[in-house]
Amino acid sequence: MKLITAIIRPDKLNDVLEGLFEIDVHGLTITRCLGHGGELESVETYRGMTVKMELTEKVKIEIGVSDPFVEKTVDAIVQSGRTGAVGDGKVFVTPVSDVVRIRTGERNQDAVTPTSYPVSAAF
Amino acid sequence: MEDATTALVATDTAWLMVACAMVLLMTPALAFFYGGLVRRKNALNTMMMSFASLGAVGVVWAVVGYSLAFAPGNNFIGGLDYAFLRGVGLEAEGTIPHLLFFAFQGTFAIITAALISGAIAERMRFEAYLAFITLWVVAVYAPVCHWVWGGGWLHQMGALDFAGGTVVHVNAGIAAVVAALVVGPRRDHGRQAMLPHHVPFVLLGTGLLWFGWFGFNAGSALAADATAALAFVNTLVAPAAALVAWMILDRVFTGRVTAVGAATGIVIGLVAVTPAAGFVSPMSAIVLGALATGPSYWAIMRRSRSRLDDSLEVAAAHGLGGLTGALLTGVFATAAWGGVDGAIAGDWRQLGVQTLAVIAALVYSGGATFVLLRAIGAVLPLRVEDGQERVGLDVPFHGEQAYVDGDGALLTIPRPIEGRRLELRGPQPVSTATVQVSDI
Numbered sequence: 001m002k003l004i005t006a007i008i009r010p011d012k013l014n015d016v017l018e019g020l021f022e023i024d025v026h027g028l029t030i031t032r033c034l035g036h037g038g039e040l041e042s043v044e045t046y047r048g049m050t051v052k053m054e055l056t057e058k059v060k061i062e063i064g065v066s067d068p069f070v071e072k073t074v075d076a077i078v079q080s081g082r083t084g085a086v087g088d089g090k091v092f093v094t095p096v097s098d099v100v101r102i103r104t105g106e107r108n109q110d111a112v113t114p115t116s117y118p119v120s121a122a123f
Numbered sequence: 124m125e126d127a128t129t130a131l132v133a134t135d136t137a138w139l140m141v142a143c144a145m146v147l148l149m150t151p152a153l154a155f156f157y158g159g160l161v162r163r164k165n166a167l168n169t170m171m172m173s174f175a176s177l178g179a180v181g182v183v184w185a186v187v188g189y190s191l192a193f194a195p196g197n198n199f200i201g202g203l204d205y206a207f208l209r210g211v212g213l214e215a216e217g218t219i220p221h222l223l224f225f226a227f228q229g230t231f232a233i234i235t236a237a238l239i240s241g242a243i244a245e246r247m248r249f250e251a252y253l254a255f256i257t258l259w260v261v262a263v264y265a266p267v268c269h270w271v272w273g274g275g276w277l278h279q280m281g282a283l284d285f286a287g288g289t290v291v292h293v294n295a296g297i298a299a300v301v302a303a304l305v306v307g308p309r310r311d312h313g314r315q316a317m318l319p320h321h322v323p324f325v326l327l328g329t330g331l332l333w334f335g336w337f338g339f340n341a342g343s344a345l346a347a348d349a350t351a352a353l354a355f356v357n358t359l360v361a362p363a364a365a366l367v368a369w370m371i372l373d374r375v376f377t378g379r380v381t382a383v384g385a386a387t388g389i390v391i392g393l394v395a396v397t398p399a400a401g402f403v404s405p406m407s408a409i410v411l412g413a414l415a416t417g418p419s420y421w422a423i424m425r426r427s428r429s430r431l432d433d434s435l436e437v438a439a440a441h442g443l444g445g446l447t448g449a450l451l452t453g454v455f456a457t458a459a460w461g462g463v464d465g466a467i468a469g470d471w472r473q474l475g476v477q478t479l480a481v482i483a484a485l486v487y488s489g490g491a492t493f494v495l496l497r498a499i500g501a502v503l504p505l506r507v508e509d510g511q512e513r514v515g516l517d518v519p520f521h522g523e524q525a526y527v528d529g530d531g532a533l534l535t536i537p538r539p540i541e542g543r544r545l546e547l548r549g550p551q552p553v554s555t556a557t558v559q560v561s562d563i
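Protein chains in written order, with this note's numbering: chain A, 1 to 123; chain B, 124 to 563.
Just so you know, the hints here were simulated from the structure itself, not pulled from any lab data.
Any given hint could turn out to be false.
Claimed, not checked - Selected chain A positions facing chain B (in silico; Cβ < 7 Å):
1. D11
2. T45
3. T50
4. V51
5. E54
To be verified - Counterexamples of contact, computed for chain A against chain B with all Cβ distances above 12 Å:
6. L13
7. N14
8. D15
9. T29
10. H36
11. E41
12. P68
13. V70
14. K90
15. V99
16. D110
Claimed, not checked - With a straight-line Cα cutoff of 16 Å, these simulated EDC-like cross-link-like pairs (lysine to aspartate or glutamate) come out:
17. A/K12 - B/E250
18. A/K12 - A/E57
19. A/K52 - B/D530
20. A/K52 - B/D528
21. A/K72 - A/E18
22. A/K2 - A/E57
23. A/K52 - B/D311
24. A/K12 - B/D528
Computed from a predicted model, the values in this text were never measured in an experiment.
Idealized CB from N, CA, C, for every residue including glycine.
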């Protein structure tokens, strides 16, 4: 199992969701956040006060997936979240030691497999 | 505008000054109405499109617009006698100072131009938009205004347009359609849901519009008299009827009474009663307000599924609402209430004249707007770049965000040194001190 954490552009969120749903990845968590990456700061002026905005609005997506889904999920995010300009974001894949589904107490593989699927179908 | 009376009347002058201020308020009101309807990343740009009209159109109206609309000229356009406000002084025009009449008409030109911005919201370059509304007022609004109110050919044929159903709303509505087509749809149109980011703003704007509209319609009597009172009352009851009708339509077709729908219904009632306000009975105004919602409701339901990206429904609300109102004016007008007899009073001729006036405005405004936009487009790009559209127009065009908490905002204190331009982008130059600010 892996935890996939993606930082993407807020305006690409809908595209990324569509891309994920197409490959049947439905369990995910979204956080609106601020980040600093390689993009140029934008300069804004408020009544003569000039500021450089060092933080850019981003969206963080967290998805727990079983191993066979890792590459598909990463590919879907990269393809649907890309604009080609600096600031498209990153995808991090980290190992996960345990996952528990709160409702049933199921663990690990079972916990990241959608309930409508037989466990074997996830492989 | 030649009038028999030439003596100033204090009450009329007082009322028109108040009415003028009320109509001026409608443009900021429109900014809130439109601003609430767009996505948060475009809120400032959309509101600025209305606010900018206060400046751009306000100035061009004084320089040349007013003259082309109201100075003596031919049947199609006024002359240049009043250019730069020459000869527009404190003498009586009707019963109010000529200068006040100019200002009152100026507030109409300002909001008419601003109305068009709803059709090209979230994608038109701000500079191109400024050039467009400035020239549009000269090339399109002033002539149409002259035809109907300035002694032009429709005026002579007896077309009834109390406060601007044809001049303001049909005119802006068709220009909006053309502008949406020439500039093209937003890149997300039909692909993604683009939701209003602040519905309370929409309601606030609607309330302020309704308030200002009392000045718009009742002020158009150009006197503090009984006709003004009739227009005032009709401005109360017609939108009320339209609101009720819209809530019923919403309940029947979508199952719920929506707030954005209610705001839209009120605006359509206001638009529709505008040409009729001083010519029809209040009961007729109620019927007129309710009837006008039908075509607009249908158009809005159809439009959102079409290729035409008239983003904020200018055509359905103002174009179609104004058209329905202008035609129904020919139906409901009666001599007993100050108009001439329309179809219900037995005279169908007026309906014919009204139809002709609407068609003339549609053809001229549509055609001239197309030519104008193409001409501007040949000189400067009309459309923002894809990247700008994606991040929203507020930061690229205005250097501000509507909703900002200052996190990550570094204050730059420029200390220019000789031979070196202050570099704001990229790495921080040595000459620039940086302090962290937690709040703006």
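Hints, one by one, checked against the model:
1. D11: A/D11 check passes; min Cβ-Cβ to chain B is 5 Å, inside 7 Å.
2. T45: holds (5 Å)
3. T50: With Cβ-Cβ at 5 Å, under 7 Å, it holds.
4. V51: At about 4 Å, which falls below the 7 Å cut-off, the nearest Cβ of chain B leaves the hint on A/V51 intact, so it holds.
5. E54: It holds, given that the least Cβ distance between A/E54 and chain B is near 4 Å, below 7 Å.
6. L13: violated (10 Å)
7. N14: Non-interface label fails for A/N14: nearest chain B Cβ at 5 Å, not farther than 12 Å.
8. D15: violated (8 Å)
9. T29: holds (21 Å)
10. H36: violated (7 Å)
11. E41: Given that some Cβ of chain B is not farther than 12 Å from that of A/E41, nearest at about 7 Å, it is violated.
12. P68: Answer for A/P68: holds, closest chain B Cβ roughly 30 Å.
13. V70: Non-interface label on A/V70 holds, nearest chain B Cβ at 28 Å vs cutoff 12 Å.
14. K90: Non-interface label on A/K90 holds, nearest chain B Cβ at 18 Å vs cutoff 12 Å.
15. V99: holds (32 Å)
16. D110: Given that every Cβ of chain B is farther than 12 Å from that of A/D110, nearest at about 35 Å, it holds.
17. A/K12 - B/E250: Roughly 27 Å separates the two Cα atoms, so the pair is violated.
18. A/K12 - A/E57: holds (12 Å)
19. A/K52 - B/D530: holds (11 Å)
20. A/K52 - B/D528: holds (13 Å)
21. A/K72 - A/E18: Distance ~14 Å between A/K72 and A/E18 Cα, so the pair holds.
22. A/K2 - A/E57: violated (26 Å)
23. A/K52 - B/D311: violated (29 Å)
24. A/K12 - B/D528: Roughly 22 Å between the alpha carbons, so the hint for A/K12 and B/D528 is violated.
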